[in-house]
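Sequential numbering from 363 applies to the sequence shown in the numbering used here.
Hints listed in this document are in silico derivations from the structure and should not be mistaken for laboratory results. Owing to the predicted nature of the structure, the values given are computational and were not obtained by experimental measurement. A virtual CB, placed ideally from N, CA and C, is assigned to each residue, including glycine. Wrong hints could be hidden among the right ones.
[What the hints assert, rightly or not] Simulated crosslink set (EDC-like; lysine to aspartate or glutamate; CA at most 20 Å straight-line):
no., residue 1, residue 2
1, 367, 398
2, 438, 426
3, 367, 466
4, 367, 386
5, 367, 377
6, 435, 421
7, 438, 421
8, 438, 417
9, 367, 455
10, 367, 388
[What the hints assert, rightly or not] FRET-style restraints, in silico, Cβ to Cβ:
no., residue 1, residue 2, range
11, 438, 371, 27 to 37 Å
12, 386, 414, 40 to 50 Å
13, 422, 377, 40 to 50 Å
14, 368, 409, 16 to 26 Å
15, 428, 402, 54 to 64 Å
16, 449, 375, 37 to 47 Å
17, 386, 462, 21 to 31 Å
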Amino acid sequence: MPIGKLYYTVSFDRDIAVTDYTSEIEARINYNATSEGAKYVILMFFAAVGYVISDVCADSITCELAQREPLDKRGKTQSCIYTVRTAVVIICEIIVGLCFNGEEYGGDFDFSLSFPS
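Could you put together the complete structure from these sequences and hints?
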């Protein structure tokens, strides 16, 4: 699926106030970018819904397993699973925050991953 042109085709244009736009800058702006992004929004919506459904299923299985543990060890598996999951989520958020904060996304870093990567 091809990715459409960016809204700002020249990254420096995003730092210019709208009142200071020249006709040359307005010609470079892709005003159709907002309508081209709907397919990605829908796909990401379904990905998020799928994640929530699988997360709820995993939590219910974890609760069921915790009830089958002996009383003296009850909850250890559950707390271990939640600790690992939280640590992985934090690592992923750090990666996204650092790797998708380049000039391409309006950030300040001179390196970034591209969306198709």
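Do the hints match the structure? See the list:
1. Taking the CA atoms of residue 367 and residue 398, the gap is near 9 Å; set against the 20 Å cutoff, the hint holds.
2. Restraint check for residue 438 and residue 426: satisfied, since their Cα atoms lie roughly 13 Å apart, inside the 20 Å limit.
3. Distance hint between residue 367 and residue 466 is fulfilled; the C-alpha atoms sit about 12 Å from each other, no more than 20 Å.
4. Distance restraint check for residue 367 and residue 386: the Cα-Cα separation of roughly 17 Å lies within the 20 Å cut-off, and the hinted pair is therefore satisfied.
5. This hinted pair checks out: residue 367 and residue 377 have alpha carbons roughly 18 Å apart, not beyond 20 Å.
6. For the hint linking residue 435 to residue 421, the alpha-carbon distance of about 18 Å falls within 20 Å, and the restraint holds.
7. Proximity of residue 438 to residue 421 is assessed by CA-CA distance (about 14 Å); at most 20 Å being required, the pair is judged to hold.
8. In summary, the hint linking residue 438 to residue 417 is supported, as the alpha carbons are separated by about 19 Å, within the 20 Å threshold.
9. The hinted pair formed by residue 367 and residue 455 fails the criterion: a straight-line CA distance of about 26 Å is larger than 20 Å.
10. Between residue 367 and residue 388 the CA atoms are separated by roughly 15 Å; this keeps the pair inside 20 Å, and the hint holds.
11. Our hint of 27 to 37 Å for residue 438 and residue 371 is violated, since their Cβ atoms are close to 55 Å apart.
12. A C-beta distance of roughly 45 Å is found between residue 386 and residue 414, which places it inside the suggested range of 40 to 50 Å.
13. Under the hint 40 to 50 Å, the C-beta atoms of residue 422 and residue 377, about 48 Å apart, fit the expected range.
14. A beta carbon spacing of about 22 Å between residue 368 and residue 409 agrees with the range 16 to 26 Å that was offered as a hint.
15. The supplied range of 54 to 64 Å is broken by residue 428 and residue 402, whose beta-carbon atoms lie about 38 Å from each other.
16. As the Cβ distance of residue 449 to residue 375 is approximately 40 Å, the hint placing it in 37 to 47 Å holds.
17. One distance hint, 21 to 31 Å for the beta-carbon pair residue 386 and residue 462, holds here, with the actual separation near 29 Å.
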